[in-house]
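Undergrad: Spelled out, the chains give:
Protein chains: 2
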Amino acid sequence: MAFDDKTDRTDVPAVPLYQQVMDDLKGEIARGVYPAGSRIPSEMELVKYYGVGRITVRRAIEELSRAGYLNRQQGRGTFVCAPKLKRKIVQKGDVQSFSEGCAANDMVAGARLVSRTVVAATREDAAFFGVEPGCELIVVERVRTADGVPVMLENNAFVLADHPYLQTLADKDLTDNSIFALVAEHSGRAPLKSDPCTVEIALADAQAAPLLEVPVGEPLFYMEAYFTDADERPLLLGRQKIVGSRYVFDI
Amino acid sequence: MAFDDKTDRTDVPAVPLYQQVMDDLKGEIARGVYPAGSRIPSEMELVKYYGVGRITVRRAIEELSRAGYLNRQQGRGTFVCAPKLKRKIVQKGDVQSFSEGCAANDMVAGARLVSRTVVAATREDAAFFGVEPGCELIVVERVRTADGVPVMLENNAFVLADHPYLQTLADKDLTDNSIFALVAEHSGRAPLKSDPCTVEIALADAQAAPLLEVPVGEPLFYMEAYFTDADERPLLLGRQKIVGSRYVFDI
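Just so you know, the protein sequences line up as chains A and B, in that order.
236 is the number that UniProt numbering gives to position 236 of the first sequence; each next residue is one higher, with no gaps.
190 is the number that UniProt numbering gives to position 190 of the second sequence; each next residue is one higher, with no gaps.
Certain hints may be false.
To be verified - Pairs of lysine to aspartate or glutamate residues, derived as EDC-like cross-links and limited to a Cα-Cα distance of at most 16 Å, are as follows: (1) K26(B) to E136(A); (2) K84(B) to D147(B); (3) K26(A) to D147(B); (4) K84(B) to D205(A).
Said to hold, decoys possible - Cβ pair distances, simulated, as ranges: (5) A127(B) to P164(A): 47 to 55 Å; (6) E43(B) to G134(A): 21 to 29 Å; (7) A36(B) to S115(A): 30 to 38 Å; (8) G77(B) to G32(A): 54 to 62 Å; (9) P16(B) to P215(A): 16 to 24 Å; (10) E124(B) to R39(A): 17 to 25 Å.
To be verified - From chain A, some residues computed to sit far from chain B (all C-beta separations above 10 Å): (11) Q20; (12) P41; (13) V47; (14) R66; (15) A67; (16) E100; (17) A104; (18) T122; (19) G148; (20) E154; (21) P219; (22) F221; (23) G238; (24) Q240; (25) S245; (26) F249.
These aren't lab readings, by the way, just hints derived from the structure by calculation.
We treat Cβ as the ideally placed atom computed from N, Cα and C, and that holds for glycine.
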């Protein structure tokens, strides 16, 4: 449909037309009118459909491509990207794991082990765990995928003495599963709350970029979460780098 | 202090040294050992202090500069940036306004009016407000500052018929104040919950960049929040672009 003329009145400035087209296309994608992988109508078709200029349509497509909704392929057309993940982070009450978040989005969660390292706790980390600085922590680093696409690089630290199995288990036991579930199974403890849980923006560095299959400098969410269990005992410290174009927080 | 040799053992890979230095410096900044505006020790001094190589120190300083903690000035040294804002977004219960968030961080909140525009509601926005598509909305756009530094470009939409004062008030009534408080005063309604409230990453475009005093392409948080009042009636739709290097979400 063409947009209401009202938005073009000169006495009241309007939401830019390209943004209206953008919002409408976003809605169509969300409702499945244009499903993931499908090709959207051509520029000229959209020009006719919306009753706006070619520059407006081009701008809307550019913005949606930059935001990870569309993917322009030279000579082939513009395609709808796989939907972003929507995971609800609940501060109080149950903590939702990445695996649960994927399931809620009808996506298959995967995990690929990158490294297991034993490190000496820094002063900050030691203070959270209630151990002496220098105490051994085990850090499990994994790439988490949704329907096979890398979404985050997760880095979870535990006190080694409390979770020795994380060092001795086979690699395959840390593959394609929930680490929350694994820890619960072996230690009887599950993360219940994450407080503080902060989210900043970081850029993909030379280590993270290839693992996440994004260019160096790609903007990422950097999440730091201090998880405690049902007894309010510190359980793990999670530091996650999440691909911005593949993720939406619902907070 | 020099880092424990344990972290250099060859049999167990360690958290990279530059990251340990980074974490330690971040801690010192957080504790006020190096207050905002102060110069941190020189590269050579840090090399001695941490007992690590110059490349390691340089990398740590680079990462902290990129993350907005430090600011290197050619020939003058490296300085601590003003702290990021930490605002608690609470999904249930009271909604914290930007002004309250600043106060909690001992920062002075400011607001500069960019525009007031009347637009026709898109299908999506109309569905939230429970009005017909095309119904007039008033969109108030302001730059929000903390201690004078632009932090976000806020874009709040209301149903014009319910909030006519937003069109008639003087510009100064929308300057350096909380729009939540203003709306409560004039309509008797306050935002109580924001659900959904999603956070994505976007890049600063040519409109937002100069207003936020960042380069075009700078990564921003893009937050979309659907606010309802105490009677669960839709009140406003907030779309905010927040400078990543000046903001931390605590969720």
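Undergrad: Let me make sure I understand: some of the numbered hints might not hold for this structure. Which ones are they, in numerical order?
TA: 1, 3, 4, 11, 14, 15, 18, 21, 22, 25, 26
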